[in-house]
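Once you've looked at the hints, dock chain B against the given chain A.
Those protein sequences? They're chains A and B, same order as listed.
Residue numbers for the first sequence follow numbering that gives the first Met the number 0, so the first one is 0 and each next one is one higher.
Residue numbers for the second sequence follow numbering that gives the first Met the number 0, so the first one is 0 and each next one is one higher.
Keep in mind the hints are simulated off the structure, nothing from the lab.
Be careful, since some hints might not be right.
[Stated by the list, open to error] With a cut-off of at most 27 Å between alpha-carbon atoms, the simulated DSS-like pairs for lysine-lysine come out as follows:
hint : chain 1 : residue 1 : chain 2 : residue 2
1    : B       : K686      : A       : K712
2    : B       : K590      : A       : K699
3    : A       : K699      : B       : K686
4    : A       : K625      : B       : K625
5    : A       : K581      : B       : K55
6    : B       : K625      : A       : K712
7    : A       : K712      : A       : K625
8    : A       : K699      : B       : K557
9    : A       : K557      : B       : K55
10   : A       : K686      : B       : K686
11   : B       : K699      : A       : K590
12   : B       : K581      : A       : K699
13   : B       : K590      : A       : K712
14   : B       : K581      : A       : K55
15   : B       : K699      : A       : K557
16   : B       : K590      : A       : K686
17   : A       : K590      : B       : K686
18   : B       : K686      : A       : K55
19   : B       : K55       : A       : K686
20   : A       : K78       : B       : K581
21   : A       : K712      : B       : K712
22   : B       : K686      : A       : K636
23   : A       : K55       : B       : K557
24   : A       : K78       : B       : K557
25   : A       : K636      : A       : K625
26   : B       : K686      : A       : K625
27   : B       : K55       : A       : K699
28   : B       : K699      : A       : K699
29   : A       : K55       : A       : K699
30   : A       : K686      : B       : K712
31   : B       : K712      : A       : K625
32   : B       : K699      : A       : K55
33   : B       : K78       : A       : K581
34   : B       : K78       : A       : K557
35   : A       : K636      : B       : K581
36   : B       : K699      : A       : K686
37   : B       : K712      : A       : K590
38   : A       : K686      : B       : K625
Computed from a prediction, not measured in an experiment: that's the story for all the values here.
Number of protein chains: 2
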Amino acid sequence: MPSNDTVLLTSSPEHEEHIYELTEDGQLHHSQTKRTRVYKDGSTIDWQHEEAAERKRAQQLRSQAGARGLVLPLIESSKLWFIVILTGIGIGITGAWLDVLVKWLGDLREGRCSYGFFYNQVACCSGLDPGEICHEWWTWSETFNVKTLFAQSLLQCFIYVILAIVFAGSAAILVEAYAPYAFHTGIPEIKAILGGYVFDAFLTPWTLLVKAVGLALAVASGLSLGKEGPLVHVACCMAYMLSRFFVQFRYNEAQKRKLLAAAAAAGVSVAFGSPLGGVLFGLEELDTFANETDVMWRGFVASAIAAVSLQWVNPFGTAKLVLFQVTNASDTWRAFELIPWLALGVIGGVVGSCLIKLNVEVAIYRRNSYLASWPVLEVICVSAITAGISYLIVFSRVQASELVANLFQECDPTKGDYHGLCNPTAMWENVFLLILTATVKVGLTAWTFGMMIPAGIFLPTIAIGACLGRAVGLLTQGLYRAYPAAWIFLSCPPDPSERCISPGFYAVLGASAMLGGVTRMTISLVVILFELTGALSHVLPIMICVMTSKWVGDALGKDGIYSVWIAMRQYPWLPPVTYYDKGETGAHIMKHLDELVVIEDEESSVSDLDNILENHDFNGYPVVRKGELLGFITREKLKQAIRSLFPADTLERTHKCSFSARHSQLPETTRVDLSGFLEEAVLQLRKEVPQELVVSMFQKLNLRRILFTNGGKLTGMTTKRDVVGLLTSHFPHAGALSQETHYSSGQ
Amino acid sequence: MPSNDTVLLTSSPEHEEHIYELTEDGQLHHSQTKRTRVYKDGSTIDWQHEEAAERKRAQQLRSQAGARGLVLPLIESSKLWFIVILTGIGIGITGAWLDVLVKWLGDLREGRCSYGFFYNQVACCSGLDPGEICHEWWTWSETFNVKTLFAQSLLQCFIYVILAIVFAGSAAILVEAYAPYAFHTGIPEIKAILGGYVFDAFLTPWTLLVKAVGLALAVASGLSLGKEGPLVHVACCMAYMLSRFFVQFRYNEAQKRKLLAAAAAAGVSVAFGSPLGGVLFGLEELDTFANETDVMWRGFVASAIAAVSLQWVNPFGTAKLVLFQVTNASDTWRAFELIPWLALGVIGGVVGSCLIKLNVEVAIYRRNSYLASWPVLEVICVSAITAGISYLIVFSRVQASELVANLFQECDPTKGDYHGLCNPTAMWENVFLLILTATVKVGLTAWTFGMMIPAGIFLPTIAIGACLGRAVGLLTQGLYRAYPAAWIFLSCPPDPSERCISPGFYAVLGASAMLGGVTRMTISLVVILFELTGALSHVLPIMICVMTSKWVGDALGKDGIYSVWIAMRQYPWLPPVTYYDKGETGAHIMKHLDELVVIEDEESSVSDLDNILENHDFNGYPVVRKGELLGFITREKLKQAIRSLFPADTLERTHKCSFSARHSQLPETTRVDLSGFLEEAVLQLRKEVPQELVVSMFQKLNLRRILFTNGGKLTGMTTKRDVVGLLTSHFPHAGALSQETHYSSGQ
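Next comes chain A alone, as it looks inside the complex (with noise of 0.2 Å):
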């Protein structure tokens, strides 16, 4: 029976363009539908009607005849899963091969392999007893034989500084050329979007091909950023192109946004081989899974496989989840380590907020100044200097991965020493080294993070941090080797040559905090950190640091570098925060009644609702009788009615609109009857009501606007944009970024 499918395409009355005729008694008759887009990008989804649409199409499978009712349930839930499933598998696959072409890229900037030239340098030098030199890679100087060393160095730092420079710039072409939103880290973007915001130009096939090839790029280049951050980006496009499949996804704009979320769980899986910190950066940071135990399982089940994919392609031959495995860090902690963790904690916080800070002014300076102009000339300026600082600071010339893995690493007589770090004669040199890398990585991470290039933020905060850990790790260990007796290190053994302090773990402490400070998360960040590097037993110390960073970070300013940019960018987002008013009521944050376009029923004719529509671009206008309100039509509907007024010319467009024609005084040749367009069922509070319950009805319930009454008289209106102001309000450059007025904004 063909009304089946039909029931089956149609996931919402919202998104049918109704087609009506008008017969002579102005009474309008529906006589035909086809389907059309209803949400701009710009604005924010209807929750409550998206939750709706999918009921009703749920039921409608449901209740279909016999064998059909069981069936067609069990192949839509298939088809869920089939996406969850496939994204799980796509991006582990992804970002295994992004590693692989990272790697391949980075070796190039110091040589080739010489019998293949698609060879990185493990992989060329690959099958060697360990101890024997490898001669199948040739540096670019053995490569052209030079002979004198001065030219030798000239030469590779000149590759190193060219490759660095073709690199970021082709990613910024790309970018620039062909899918502008692949710029920046995403998950600003993924946040809002998962909160409500339509921006589908953000998750085009386009976007996910320019994001993942220009993060290569831009990742090998050694600009000091991250992927972990557009991995998420590349999943939800991901998850998006699948879903375009599927009608059920395709017009329910909130189950697509289920199903990004989950693709955002298995993005972070990847970036960090943390499958369940995937599931809890999903829940805290972009706070989707709140009550909602079957999309948090989704989440669950895409990261996880995420991780497994990711794990079966083993780009390293290394089968390990674990990015960064802590070698036999003690596991036993002495009391007077608390001192040197507290100090990391409060370190992490400072430097944290400082980076925020930093990023904020420059992302400020570049939108204002002639740099908006010329972002590709830019990123090309930016990793020309990176390019020539890290070749001249050894600790920053290799990848920052390479780098952290190194300062996690314990110090192994037995195992290299990893330039001079445990050689305990060189305490100074080697702080000063790890302080002086720190400082300049956080200069030019607050410079590249905003840049035309795809960037995430984690592992250059990462990279910082574990200089910083290192460096107070090592001063904490010279202190203990200097005063061995000293009454505060007595629990430790008395011969200073054995261990007692180990600076690795330190190292790992330090990315902590400074990931606190930087990002504000919790428990997520200590799940990642863990599974990062394998060490359950050292949970504890990494919650100390966390804890401690984000706390005196909260004291320097509230928000976390994802927050902050998407007040710049003035996305439509509500903080999850618990926010407390000083005694406000709804009065306060409510738009008065003389503020608003208001319909007056039976009043306006259909010619002033088309000046209303023209003169007013809102998201929707309340209809009141005589000051009593009646409903809420929102913008579509209203340009839908008058659409379908267009044809009939019979029609006077002096006609007064009656929302409310059962009870209606006007002869019916005088109206039209729109009644079957309004929403009656708006949530209506009294202006009395405490603040901050408007804002987490907000918050809890997805609304777009609160109409406030009294006494069924209309008072006031209240919509997401402006409760996003209010909790916006503490931070000065709100809106320093945002493109363009809304669509949806005012009421």
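Chain B only, in chain A's frame:
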């Protein structure tokens, strides 16, 4: 300045009893206040008010002059963390010592240590070389040196059963006599309490003590029960006890509950040695941390600290959190194993829901039969039966935890073979024995869970699942050994003697599936299980089993065991499920105006109000004037008002009560102004809003009631209980075990 201290003391106007004086103009003047307890057991708290009160307190603190304004908030939060940390440590240590006690009592049933009565078998036989037989540990027959084999086994069996009865009986007597609320698992009550149900009698120090001791006795008695759930209860009792010392918690129910949530997480963390599992349990099952990162963070800290202190006490010298270490399970899975895994999932789902149904039947039978009046006797009989049966069936003779540990072990020639489980020739015997054990345990568990004794259901479920899983594993292995060349086994090594299928891991999967079927938890379950077994690499199969069993189980009956008990005891708890209506609106769920007890403004006299209070013990009453809603007055406030009127003898009790003094028609001499007691900012909806919106508002905003108005006129009202009734309507036995008609029933 003393005023500040009073500010510190009073947490919310709700919690003061106002003494008013009546001046000649009928105006009430506030003279003095003294604090009282507002919520009686059985009522539900008003989250909005509690939160508001807390906010007010916080503001008053922050607004202190100078240094006080900075220091006081710090002190406050330090108090909070003090409780959280102390609870963590406390529950960690308690859990550890409970283990020791149980081990000792359990061993006592077999024999005693020759040189020290208070040593358990392990401690007694410590310091022996492997293989050396332990002469210090005497079985009872050795103690009373009985010679003949028959007499020996008779004596052993006799003492075994007698001690079981003694332990179980004394536990039951303890519960019966001192703390009736210490019976059962406690998780349903905790869920209700965290949801806003007031039930302080459930958290008294006596309950804490009795539950802890009784738990040890109950577990040692070998009854088919576990310690996991009760530990959560114990943890909550601790937190509650500690919270009593600080006004900010004693007088604020919302804050108290946030503490309890953290404590619950800690309890789980200790029960399974899984800190993350604790957090996720609190998140998914208790559904408390939704949208509140700081609460979640507290839970995380508490559970981490609990786990660490458990590890620190380290009861059994194995410095491991992992309870049931899974050894050398082959990390590679074959495709064909998906079949037995899915089978396990289905089995788990089916058996799980059978267990639930059986348990419900037993509970209802117990309630309605003469058993209700002989709880202790019942416990004694059941323990005797259990002991008898367990002694006969070899697998169930040991503690359930020991059984599980053995079933999870892979066969390993070097290690001992547990009751010939690894003997390939005895496969059919083993399978039969395992299934028999499982069946018996299902029956016993269904009966035990709900007796007058502390009892958790996690461990028995795990044991049942482990038996079934191992059985399936053995069968699969047997099949493989029989037909090693079959095409389905091609992925296995051709030589059947080599390891291809690891039955021990199948036991783990069986346990997961069974737990999934009984509790219907998902993520927290997976996390708990892999933290329990340390098998992070096995997370995917576990997920598959849990998911399958949940699906199958949900098909056979929506609710998990805890929801079922909540429904039977009729606690006002809103399940976090997303409710789908069939197009109903608020009108269907609301009580209509004519069913409500309404106070007519300026109509009803003081004595009328008195009568209302006497005759209808509702939570509060809407106040209307000529049908138009003025606001809502809670029972407590109305009581206050009336009580405050009694002292004034000058007052005619026929005076009309006016709640809207501003625009009153009555002369001041003939009315009493009660407008001070009216809350005007009540949430109002139109009855046209869809029912699911009403439900989700109750769920997400933690409301107690919603008033329905139309054009300012009161049309009806819905309370939390109505919504609970709606959400539990599908469950036939709802309210079967509810003790009394609850205080806050009705409007």
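Taking the hints in turn, this is what the structure says about them:
no. : hint             : in the structure
1   : B/K686 to A/K712 : 17 Å, holds
2   : B/K590 to A/K699 : 25 Å, holds
3   : A/K699 to B/K686 : 21 Å, holds
4   : A/K625 to B/K625 : 21 Å, holds
5   : A/K581 to B/K55  : 8 Å, holds
6   : B/K625 to A/K712 : 17 Å, holds
7   : A/K712 to A/K625 : 9 Å, holds
8   : A/K699 to B/K557 : 25 Å, holds
9   : A/K557 to B/K55  : 21 Å, holds
10  : A/K686 to B/K686 : 19 Å, holds
11  : B/K699 to A/K590 : 25 Å, holds
12  : B/K581 to A/K699 : 23 Å, holds
13  : B/K590 to A/K712 : 24 Å, holds
14  : B/K581 to A/K55  : 8 Å, holds
15  : B/K699 to A/K557 : 25 Å, holds
16  : B/K590 to A/K686 : 25 Å, holds
17  : A/K590 to B/K686 : 25 Å, holds
18  : B/K686 to A/K55  : 20 Å, holds
19  : B/K55 to A/K686  : 20 Å, holds
20  : A/K78 to B/K581  : 24 Å, holds
21  : A/K712 to B/K712 : 12 Å, holds
22  : B/K686 to A/K636 : 23 Å, holds
23  : A/K55 to B/K557  : 21 Å, holds
24  : A/K78 to B/K557  : 23 Å, holds
25  : A/K636 to A/K625 : 22 Å, holds
26  : B/K686 to A/K625 : 22 Å, holds
27  : B/K55 to A/K699  : 22 Å, holds
28  : B/K699 to A/K699 : 6 Å, holds
29  : A/K55 to A/K699  : 22 Å, holds
30  : A/K686 to B/K712 : 17 Å, holds
31  : B/K712 to A/K625 : 17 Å, holds
32  : B/K699 to A/K55  : 22 Å, holds
33  : B/K78 to A/K581  : 24 Å, holds
34  : B/K78 to A/K557  : 23 Å, holds
35  : A/K636 to B/K581 : 24 Å, holds
36  : B/K699 to A/K686 : 21 Å, holds
37  : B/K712 to A/K590 : 24 Å, holds
38  : A/K686 to B/K625 : 22 Å, holds
Hint violations for this structure: none, all hints satisfied.
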